[in-house]
Amino acid sequence: MSIDSSLLIEIDSALWTLSAVQRACHRYSGEYLVELLKKGRNYEVIIRTKVGISVPDSLRGEFSATLIDEELRERVTSETREIRERLIAQAFSGAIPRTRPRID
Amino acid sequence: MALPLVLKTEAIGLTKPLTLKAVDADEFIRNGWPPNRCMLLLDQVQASHRAALMGIDWAAVMAEDISSLQTSAVIFKSPAPREAVSPGDVVEATPGRQTIRVLYRRGERGNVLFVTERCNSFCLMCSQPPRQVADDWRVTQNLDLIELIDHDEASLAITGGEPTLLGDGLVRIIARCAELLPQTDLQILSNGRKISVDLSRATAEVKHPKLQWNIPLYGDVAPIHDYVVQSKGAFHETISGLYRLAEAGNRIEIRVVLHKATIPRLQSLARYIYRNLSFVQHVALMGLEPIGLARANREALWIDPVDYQDELQGAVDYLEGKGMRVSIYNLPRCVLRPLLWGYAQQSISDWKNIFVPECEGCSQKGLCAGFFASTDKKWTSRGIRPIGPMGGSDEIRSPAPV
Amino acid sequence: MFSEPTHFTGSSSYRLLPFRFRRSPSGNILLTNDVGEHIWLDNNTFSTFANKRLPLSDSAFWDLESRHFLSRDDEPIPYDALSIQYRTRKAFLFDGPALHIFVVTLRCNHSCKYCQVSRRVEDEQASSFDMTIEHANHAISHVLSAPAQAITVEFQGGEPLLAFPVIKHVIERLSRLAQESRKRFKFVITSVLHHLDDEKLDFLKQHEVELSTSLDGPAVLHNRNRPLPGRDSYKRTMAGVEAARRVLGQNAVAALTTITKESIEAPEQIIDTYREHGFHSIFLRPLSPYGFAAKSLRSDYTPVQFNAFYRRAVDYLIQLNIAGYPMDEAYAALLLRSIETPFAHGHVDLRSPAGAGFGVWAYNYNGKVYASDESRMLAEMGDDTFCLGQVTDSYETLLHSPAMELIAAGAVAESIPVCSDCAFLPYCGSDPIDSYRRQGDVIGHRPSSAFCERQMSILDYLFEKLRAGDAQTRAVLNSWTTRRAPKIEARAHGIASST
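Protein chains in written order, with my numbering: chain A, 1 to 104; chain B, 1 to 402; chain C, 1 to 499.
There could be a bad hint or two in this list.
Said to hold, decoys possible - Sample of chain A residues with no beta-carbon within 12 Å of chain C, all distances over it, derived:
(1) S5
(2) L15
(3) N42
(4) E44
(5) P56
(6) S58
(7) R60
Unchecked claim - Covered stretches of chain A, as calculated for chain C (at least 3 residues, CB under 8 Å):
(8) 27-33
(9) 82-92
Bear in mind the hints are in silico, worked out from the structure with no lab data behind them. Here the structure is a predicted model, which means the values were calculated and not measured. By construction, the Cβ of each residue, glycine as well, lies at the ideal position given by its N, Cα and C atoms.
So that you can see chain A by itself, here it is in the shape it has in the complex (with noise of 0.2 Å):
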């Protein structure tokens, strides 16, 4: 258990982009107090419970686990974004075909 009732996560700017550090963050804003700070090379993220009682050291290992899926998520909306606008566009265009579906 950390003695500090806060979490300090320190991530290499190098090997993460801001976005996907914000985006882990942000998933964690409901339950807990987080800040994010830039120190030289790195990101700080600061953790805080709401409520006063210590961060489960663990959530340290959840943290890290929420940016590589943030990370990745990126990723695939970048190498799949002209595919999902096309697909899109097609489906509000006049150009394609108009099937009558079964109405169930």
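Dock chains B and C against chain A, hints included.
Same frame as chain A, but now just chains B and C:
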């Protein structure tokens, strides 16, 4: 009864190809077919009326005893059995052949408009092996044939080969059917690969009230479908064709022939159809016909139907559960689970439909699809057996889960 | 002459198609895409797949291709299949407002603790709380202006039957105009059913009107939630149900619950009550943050408590089905339809873009038009933010009102942080009104959203049942999915709103 379509005969005076409506007195008088398109079945005319009828200018006359006939019409000797040509049937005769071919047989299930031998696929189990021939003449022949088909004919299939290779010829055939046979279910059997926007619109615009496209899909991913039809790219072409047909408002049925290549992912295919092709009116899961190219590919194709009942039931349950209409074609009841009997249709064309000795005494014979005439020992299920009398309704449908 | 299967296999290298993912509590990973297809992968397979290194020999490969999660480099990207399915799911967009709510009166004979409408009584002097015929006529012209061909008109209150003449007028006029306007109307009245008589029932039968009522559970529970001087709300409601069924048919009445603190401990009893009275659908609905509920302690239960209640209730319900009594939970049925079919479910409360303003309009008794039922309840509490305008305004004016613009800013879940990455996006929706009320702005903050927490809990629960439930459970859920919607689409409307 499985009467053959190609019949031995003797022809006298046949100088050009003819398409003829077979009539007796009754048929001629009642339906008013023009005599120059007809072949009079002399032996079926009452003796007292023969002289009078022979005075009419027929295109042809058919009789058992042709030796003493006096007529300018073409003469044909009756085939054996005699019923193979009956009033209402349409036959084709070509000079130089010892045979006539029945193009249309009244009252039979499975009458077709055969429009071309050409095909752009080469399916492993093709029952009508394609030939690359110039057979545009078939368009004209079929237009002629349509004029002689009974107006109350229940259903016709347009088949080949691949009908869409006719292009505009196909549209003309459908249009003639819309004009002369609007009450006839018209089913186009097509691989769907060459369905342009123009073609799909043109066929829909003809507005035949009962036109349906029957299109096979053999897998939910390209490698399976392409392998079965032996053509790279066919899957995506067919999917595109399906969407174009749907866009133009055509009615569509998806057909799946059940064999070794299609069974493993059958349920995934059912799901694919439901989610991607939800406009489809009907799904037909079909037993394999062991004829044509299938015979060369037995290793790749044959799986005993009793061994795929799990997959078949899975697909039927899935589609039924989603509210899609589904049927099983060409499979006898003894190899199917009773829960599936309600979906099984008597789908095999009369002229090639047989039962086997084991069927003697089977309680289901009257409702059963039976077998293809081409079935032999190598293509016979080990599950064939007569079914004893059942208690309760024969029509057992798979119960919807509640 | 014939080529082997390997000849047709094609490339093993692939590109990713757009997808979202979620690590489920079970430890597996749920992938979904924009057309609502889903697939489960274990962790290793997922990593390999996401890194574009999944081999053709993997058992998940063909499913990933078939369900449009990957596309091999030598294959065309399935734009037709994807765009057609997408359009199908979003087909409601082309209809505009297809649900029109007529709040025909504020009068009611109850004083329910969680109700946002005033505690008015049923006397005649209170008719100033009824909708005027003139206003009704303006509302009717808006109904006819909406593009949709199939329109649902829902009558609410207060207790709408207290203003029956207005209902009658609207139904008669719309029925007359149906053919020439080329629209089909479905009429629904949400009512406690205490004021039915033969004359009303005959009229309802003639126009095929459907009824929706609240039934919170056993009598004790129901009456505590819905105080009447005679303490007999339950008895009178059930009498109304029976009268309606006698004239209109066995499935004439749909019922929904409102979950209060008392309900939380009693899911089985609530369901049993429904069963005893021959209902085949129940809509379990948590309390809203509107009206008296916001002030009352009785609304005090946490999302965690509700989620546990819901799971217990649906588990019990599934067992009931397996034992032979068909009954669905209406909200689960909606979500399942969204998951297991390619079609839009048509429920305005759960769609993206949001239903508020785009899919539903509510005409208040006082001539004001609101973006939704919740919007007008907010107004009753003093906040008129989501008033589109006056019923006398033109259709275009209402459509382009500042309230609509505000809603639009929070209407598209695909653009909202966290929602835009959520695997449940295709099955969920955005509720800008709810976000505004609870969190202060139309976009809201998902990590602290009770709505979001509840949605995810329910969807986790249903997906787990679909993934790992036994065959009977899955058969029950399938029956909920594809059963024709109960005669009345049980809705999150009525005296209290859904949350």
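Of all the hints numbered above, which does this structure not satisfy? Sort the numbers upward. Violated hints: none; all satisfied.
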